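So the sequences go chain by chain: A and B.
Counting from 34, one number per residue, gives the positions in the first sequence under this note's numbering.
Counting from -9, one number per residue, gives the positions in the second sequence under this note's numbering.
Calculated from the structure, these hints are not laboratory results.
Owing to the predicted nature of the structure, the values given are computational and were not obtained by experimental measurement.
Even for Gly, the Cβ is constructed at its ideal location relative to N, Cα and C.
Take the hints with a grain of salt, since some may be wrong.
Below, a list of computed lysine-lysine pairs in the BS3-like style, where the Cα atoms sit at most 27 Å apart [what the hints assert, rightly or not]:
#	chain 1	residue 1	chain 2	residue 2
1	A	K289	B	K256
2	A	K305	B	K18
3	A	K284	B	K256
4	A	K289	B	K39
5	A	K289	B	K51
6	A	K152	A	K176
7	A	K176	B	K46
8	B	K39	A	K284
9	B	K51	A	K176
10	A	K152	A	K248
11	B	K256	A	K152
12	B	K365	B	K275
13	A	K305	B	K39
14	B	K13	A	K289
15	B	K256	A	K176
16	B	K51	A	K152
17	B	K39	B	K18
18	A	K374	B	K39
19	A	K289	B	K3
20	A	K176	B	K39
21	A	K152	B	K46
22	A	K176	A	K200
23	A	K289	B	K18
24	A	K152	B	K39
25	B	K46	A	K289
Every beta carbon over 10 Å from chain A, so not counted as near; a handful from chain B, in silico [what the hints assert, rightly or not]:
#	residue
26	L15
27	F47
28	E76
29	D78
30	R148
31	C172
32	L230
33	V242
34	I274
35	G288
36	G304
37	R334
38	E358
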Amino acid sequence: MMDQSLERYSRQILSQHIGEECQKVLMDSNAVVVGCGALGTVSSSYLTRAGIGQIRIIDRDFIEESNLQRQILFDENDIAEGLPKAIAAQRKLRKINNNANIEGVVTDVNYANIEELSKDADIIIDGTDNFETRFLINDFCVKNNIPWIYGACIGSRGLTMNIVPSKTPCLRCVFETMPQMGTFPTCDTAGVIGPIAGIIGSIQATEAIKILAGKYESANKTLIEIDVWDTKVKQIDISELMGLNDCPTCKLHTYKFLEAEDGVMVTLLCGKNAVQVMSRNISNIDLVQLAKRLASISDVSSNEFMLKFKVKDNEFTVFPDGRAIITGTNDLNTAKSLYSKYLGM
Amino acid sequence: MIYLDNAATTFPKPECVYTAMDKFLREKCANPGRAGYRMSVETEQEIVKARVTLAKFLGIKHPERMIFTFNATDALNMGIKGLLCEGDHVITSNLEHSSVSRPLTGLEKHGVITVTRVANSDDGFINADDIRNAIEANTKLIVCTHASNALGTIQPIREIGGVAREKEIMFMVDAAQTTGVCDIDVETQHIDMLAFTGHKGPFGPPGIGGLYVGENVRLQAWREGGTGFEPESLSQPETLPFKLESGTPNSVGIVGLRTGIEFCIKEGTDTIRTHERDLALRLIKGLEADDRFKIYGGRDENEKVGIVSLNIKGLNPGEVAAILDNRFNVAVRPGMHCAPHIHREIGTFPEGTIRVSPGYFNTVNDIEETISGLKAIAESA
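Using the sequences and the accompanying hints, generate a full structural model.
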C-alpha cells in the first residue's frame, strides 16, 4: 500500500524505474534551471510535476508575444501583465505543485552570482540561449562536482547531453572553444520549430530525474541530436573526448569563465543610453554573412567598418571584432540578452 | 630590518600583489567606464571583478554596494558625514581611532549631533549592554571599531550589531584592523556600513580602501563629479556605486587590493590571524614576568589580533622605539596610535605606548630578537 502523501506521484512510482524510495529522494532534491525559455519552461514543468523538492528558475528576460509559440508555461495574460519569465513560471509551477518549493529569480547569471544562485544545487538544467552562460555553468559544475544537462535548439534541430563531472566529458571536451560571438544563427534570426524544444526539454527533465534518483547507470552517455523535420535521431558517442586535448576545465581545472578571465564584457557607454557588448576574445565577423542572417528580421545597412540594424526600440551597431553598441537601453543585462538573441553569444 | 608595524601598514606584500599591479599598470591602466575601446573596458572589468571578490569576501550580497574609497578614514568620513543630520545622536566607544572620533567630534562641536562614548572594560572591550543602555530616542548610528588599533582586542560586533538591528539603529564598523584577518560577514554581524583599508590586512597598497553601504542606508555624496554614468545629468547620480565614486578611481590600487584579498582567501584568514596573534602572545609571554614592563589590554587568544601595546617603566616610548630602530633594527610604532581616548583610560596619555604589531611574514626569531632588544633597553633604564 502506497504512502498516501505520495498519491500525486503514484503513476511514476508505479513505473518499474521509480519506486517510493526514489520518489522520496527526488522530493529531497534541489534543481536549478538556468534560463526559462523554450527549454526551461518544458523541463521545469516536468520537474515540478515529478515532485523535485526545490526548483530555482533563473531568467533575465520578460515575456514577448513571439515566445508563446514554444514557451509552454506562458500565456497572453502574462504579457499583458508585463511579467518577467522567472516570475510567470514561478506562479504557474506553484499552481501545479504547491508541495514543491519553487523560486523564480529575475537576474542574469554571471560569474559574480552563479555560486550564490546555485550553491545548494544537486543538478543544473541548461535552458539558456547562449554559450557564454553554458561555459560558465560548465566551469561552476566541474569545479563543484555538480551534474548539469546541456540543451540547445535551433530550426528543427536540437542537442542535449549530460555532463556528470569525472564520469562524462564536460562541455569543453566536446566544444573546445566558445563559438565566436556574432557569428552564428539564433532562434531569433533563424527561427525554431516549437516541438523540438518540447522534445529536448523533456529529455533534459528525464535525465535530471534519473541522475537525481541515483540511477546514473540508466542516464544518457551520448550527445543526442534530433531533427524533428527530417525525423532523425542520432546518438553520438562522445566517451573518447573526455579530457581530450588537455581540456582546460575538467583536466587542467582552470575556470576562466568563472573567474571572469574569459567571456563577454558589457559596459555602459558614457552619455548615449547605450551599452557596448564585446568579447575578451576577438571575433572575426563577416559583415556580409551577418547582413544575410539578419535580412529577414530587419533592414540592414553596412559598410566595411560596421553594420547597423534595428529591432523595435533597439538599434544595433556591429563591428567586425564582434563588439556591438546597442542603443535604447542602459541596462547591462538587457544588452547582453539582446546580443545573444540577435547576434549569438 | 625587523618590521613590526603591520597594524599601520603591512609589509612586505605578497609577491603576487607586486606582480599584478606591475602587469596592470603596464597593460591595462586606461580610464575605466568612460569609453568603449578595448583597454578601457578591460580596466573597468578588473574593477568590477575586484568589487565582486570583495563583496563575496565580506558577505555582501550586492557588489554595487561595495564602494571603493581611498582608505578607511575616507570610508568612515563618507559614512558618518553622509548619514548624520542635525539632531541625530551617535553612540561610539573610547577605543576608537581618530578616523571615527574626529568626524564625530567635529559634528558635535558644530552642534549638529550629540555623542555618547561608552567606556570599555579595563582590558579593552566594549560591552553590548552598555551600548544598549546608551540608546536614546534620536540615536541614529552606533559606530565602533572591530579591533582596537592600540590594544588589539577584538570587539563583540555581532552582539552590538544585534542590539542595533533590534532597535533599528544603523551600525557602522571600522574594520581597519580586521579585514583580511578576522571573519567579517555583514549579514550575520548585522553591519549596515563597513569601512576598511587596503594597505593593512588585505595586503594591498596605500591609497585604496572600501565602504560597504547596506540596503537601508541612504548617504549624501560628499564628493561629487564625473562618474561616466548619466553624464547628461547636472547633478550626482543616485545609482551605486557611481553616486559615491566620482573621479578616476585608483584602478591599480584596486587591482592590488583584489590580489591581496585573493592571497588572504588562499592562505585563510584564520591561518593569518593565528600566526600574527601567536607572535604577539609570544612577545607578551617573553615580557610579562618581567616587572620592568607594563603590557596593556586583554590577552585572551580568541579575542586578540596581532597587536601588543607596552611600555618600559620609566622610559619614554618614543625613545624606546628610536633605540629599537637604531640599535636593534626593529621597526615599531610609539605614541598614541591616533586613538587618544583610550590612552586617557589606560593612563598612558600623552606619551602613549610602544605598539608591536607582527605580520604574516614575521617569524618567531623576529619576536625573540625584539624581546632581547627590549630587555637590553630596560636594563639601561
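For each hint, the structure was consulted:
1. This hinted pair checks out: A/K289 and B/K256 have alpha carbons roughly 17 Å apart, not beyond 27 Å.
2. For the hint pairing A/K305 with B/K18, the CA-to-CA distance comes to about 24 Å; that is within 27 Å, so the pair holds.
3. Between A/K284 and B/K256 the CA atoms are separated by roughly 21 Å; this keeps the pair inside 27 Å, and the hint holds.
4. Our distance criterion of 27 Å between C-alpha atoms is met by A/K289 and B/K39, whose separation comes to about 13 Å.
5. Under the criterion of a C-alpha separation no larger than 27 Å, the hint pairing A/K289 with B/K51 is consistent with the structure, at around 22 Å.
6. Of the supplied pair hints, the one linking A/K152 and A/K176 holds, its CA atoms being roughly 12 Å apart against a limit of 27 Å.
7. As the CA atoms of A/K176 and B/K46 are separated by approximately 17 Å, the hinted pair is consistent with the 27 Å bound.
8. With a C-alpha separation of about 25 Å, the suggested pair B/K39 and A/K284 falls inside the 27 Å cut-off, and the hint holds.
9. A C-alpha spacing of about 22 Å is found between B/K51 and A/K176, which places the hinted pair at or below 27 Å, so the restraint holds.
10. For a cut-off of 27 Å, the pair hint linking A/K152 to A/K248 stands: about 23 Å separates their Cα positions.
11. A C-alpha spacing of about 20 Å is found between B/K256 and A/K152, which places the hinted pair at or below 27 Å, so the restraint holds.
12. With a C-alpha separation of about 13 Å, the suggested pair B/K365 and B/K275 falls inside the 27 Å cut-off, and the hint holds.
13. Restraint check for A/K305 and B/K39: the C-alpha separation of about 24 Å stays at or below 27 Å, so the hint holds.
14. Distance check on the hinted pair: B/K13 and A/K289 sit about 18 Å apart at the alpha-carbon level, within 27 Å; holds.
15. Distance restraint check for B/K256 and A/K176: the Cα-Cα separation of roughly 16 Å lies within the 27 Å cut-off, and the hinted pair is therefore satisfied.
16. Taken as a hint, the B/K51 and A/K152 pair is honoured in the structure, with Cα atoms around 14 Å apart against an allowance of 27 Å.
17. Annotation: proposed proximity of B/K39 to B/K18 holds, straight-line Cα distance about 14 Å (limit 27 Å).
18. A threshold of 27 Å between alpha carbons decides the hint, and for A/K374 with B/K39 the separation of about 26 Å falls inside it, so the pair holds.
19. Of the supplied pair hints, the one linking A/K289 and B/K3 holds, its CA atoms being roughly 25 Å apart against a limit of 27 Å.
20. For the proposed pair A/K176 and B/K39, the alpha carbon gap of about 19 Å is at most 27 Å, so the pair holds.
21. Taken as a hint, the A/K152 and B/K46 pair is honoured in the structure, with Cα atoms around 13 Å apart against an allowance of 27 Å.
22. Distance restraint check for A/K176 and A/K200: the Cα-Cα separation of roughly 14 Å lies within the 27 Å cut-off, and the hinted pair is therefore satisfied.
23. Between A/K289 and B/K18, the direct Cα distance comes to roughly 18 Å. Compliance with the 27 Å bound is thereby established for this hinted pair.
24. At roughly 20 Å between alpha-carbon atoms, A/K152 and B/K39 fall within 27 Å of each other, so this suggested pair holds.
25. Restraint check for B/K46 and A/K289: the C-alpha separation of about 18 Å stays at or below 27 Å, so the hint holds.
26. With a cut of 10 Å on Cβ distances, B/L15 stays outside the contact zone with chain A, its closest approach being about 19 Å.
27. The claim that B/F47 is not at the interface with chain A holds, since no C-beta of that chain comes within 10 Å of its own (minimum 12 Å).
28. Residue-level check passed: B/E76 sits 36 Å from the nearest beta carbon of chain A, beyond 10 Å.
29. Residue placement check: B/D78 keeps its beta carbon more than 10 Å from all beta carbons of chain A (closest about 34 Å).
30. Non-interface call for B/R148 relative to chain A: holds, since the shortest CB-CB distance, roughly 22 Å, exceeds 10 Å.
31. The beta carbon of B/C172 sits about 22 Å from the closest Cβ of chain A, which is more than 10 Å, so the claim that it is off the interface holds.
32. For B/L230, the requirement that its beta carbon stay farther than 10 Å from each beta carbon of chain A is met, with the minimum near 14 Å.
33. At roughly 18 Å, the least C-beta separation between B/V242 and chain A is larger than 10 Å, which holds for a residue marked as non-interface.
34. At the 10 Å boundary, the C-beta of B/I274 stays outside the reach of chain A, the nearest C-beta of that chain being 40 Å off.
35. The claim that B/G288 lies off the interface holds: its Cβ sits roughly 36 Å from the closest Cβ of chain A, which is beyond the 10 Å cut-off.
36. Distance check on B/G304: its Cβ is at least 57 Å (rounded) from any Cβ of chain A, clearing the 10 Å threshold; non-interface status holds.
37. At the 10 Å boundary, the C-beta of B/R334 stays outside the reach of chain A, the nearest C-beta of that chain being 46 Å off.
38. Every beta carbon of chain A lies more than 10 Å from that of B/E358, the smallest distance being close to 41 Å; the non-interface claim holds.
Violated hints: none; the structure is consistent with every hint.
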